[in-house]
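Novice: Sequence:
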Amino acid sequence: MVQLKKKQVRIISVLIALVFVGSVVALALTQSGSGIVSAASSSVGLVDMETIVQQHPKYQSSGAEFQKFMEDTQKEMEQKAANMSDQEKQEYANQMRQRVMQKNQELMEPIKQDIDDNIKKVAEAKGLQVVLDKSAVVYGGTDVTQDVINKITKN
Numbered sequence: 215m216v217q218l219k220k221k222q223v224r225i226i227s228v229l230i231a232l233v234f235v236g237s238v239v240a241l242a243l244t245q246s247g248s249g250i251v252s253a254a255s256s257s258v259g260l261v262d263m264e265t266i267v268q269q270h271p272k273y274q275s276s277g278a279e280f281q282k283f284m285e286d287t288q289k290e291m292e293q294k295a296a297n298m299s300d301q302e303k304q305e306y307a308n309q310m311r312q313r314v315m316q317k318n319q320e321l322m323e324p325i326k327q328d329i330d331d332n333i334k335k336v337a338e339a340k341g342l343q344v345v346l347d348k349s350a351v352v353y354g355g356t357d358v359t360q361d362v363i364n365k366i367t368k369n
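Start counting the sequence shown at 215; every next residue gets the next number (our numbering).
Be aware that a few hints might be false.
Unchecked claim - Derived DSS-like pairs: lysine-lysine, alpha-carbon spacing no greater than 30 Å straight-line: (1) Lys-348 x Lys-272; (2) Lys-335 x Lys-368; (3) Lys-334 x Lys-365; (4) Lys-272 x Lys-340; (5) Lys-326 x Lys-368; (6) Lys-272 x Lys-289; (7) Lys-348 x Lys-335; (8) Lys-368 x Lys-334; (9) Lys-282 x Lys-272; (10) Lys-340 x Lys-326; (11) Lys-368 x Lys-340; (12) Lys-303 x Lys-317.
By construction, these hints were calculated from the structure, which means they are not laboratory data.
Can you make the complete structure from the sequences, with help from the hints?
Specialist: Here's what the structure looks like:
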């Protein structure tokens with residue numbers, strides 16, 4: 215068997231340790247590098263939700279219906295509040311606010327659902343993995359607002 219001196223054993227040990235550490239570092243770099251590559255290759259779409267909502271075919275009719283509901287609610291409140299105490303007026307006003315919020319949600323939910331469905335269709339067609347509202351993004355992404363509007367108006 216080969217006799218090694220202490221100095222040679224130490225050098226071989228250091229070399230083995232360096233190879234091991236180098237392998238671990240290389241593995242770590244390849245793993246983190248793939249995350250960077252996949253993040254860079256993922257596609258991000260942007261939409262201007264306010265514009266899409268305003269151009270939705272059902273938005274105008276829903277807006278008119280909501281406006282009529284608000285006028286009717288205001289008239290009802292004025293009539294009933296005439297004979298109420300301040301406490302009763304406050305409670306009744308809170309009830310009316312809840313009714314108004316519920317009516318708004320009832321009218322807007324189908325529009326919102328239609329917009330969400332069409333955003334998903336456009337995203338799939340364009341190979342987008344994420345679609346964000348434009349107001350939440352400072353830089354980057356592909357604007358697909360007009361594509362979504364076109365898809366909604368075709369339906």
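Novice: For every hint, state whether the structure bears it out.
Specialist: Each hint tested on the structure:
{"no.": "1", "hint": "Lys-348 x Lys-272", "in the structure": "holds (22 Å)"}
{"no.": "2", "hint": "Lys-335 x Lys-368", "in the structure": "holds (13 Å)"}
{"no.": "3", "hint": "Lys-334 x Lys-365", "in the structure": "holds (11 Å)"}
{"no.": "4", "hint": "Lys-272 x Lys-340", "in the structure": "holds (26 Å)"}
{"no.": "5", "hint": "Lys-326 x Lys-368", "in the structure": "holds (17 Å)"}
{"no.": "6", "hint": "Lys-272 x Lys-289", "in the structure": "holds (26 Å)"}
{"no.": "7", "hint": "Lys-348 x Lys-335", "in the structure": "holds (18 Å)"}
{"no.": "8", "hint": "Lys-368 x Lys-334", "in the structure": "holds (15 Å)"}
{"no.": "9", "hint": "Lys-282 x Lys-272", "in the structure": "holds (16 Å)"}
{"no.": "10", "hint": "Lys-340 x Lys-326", "in the structure": "holds (21 Å)"}
{"no.": "11", "hint": "Lys-368 x Lys-340", "in the structure": "holds (18 Å)"}
{"no.": "12", "hint": "Lys-303 x Lys-317", "in the structure": "holds (21 Å)"}
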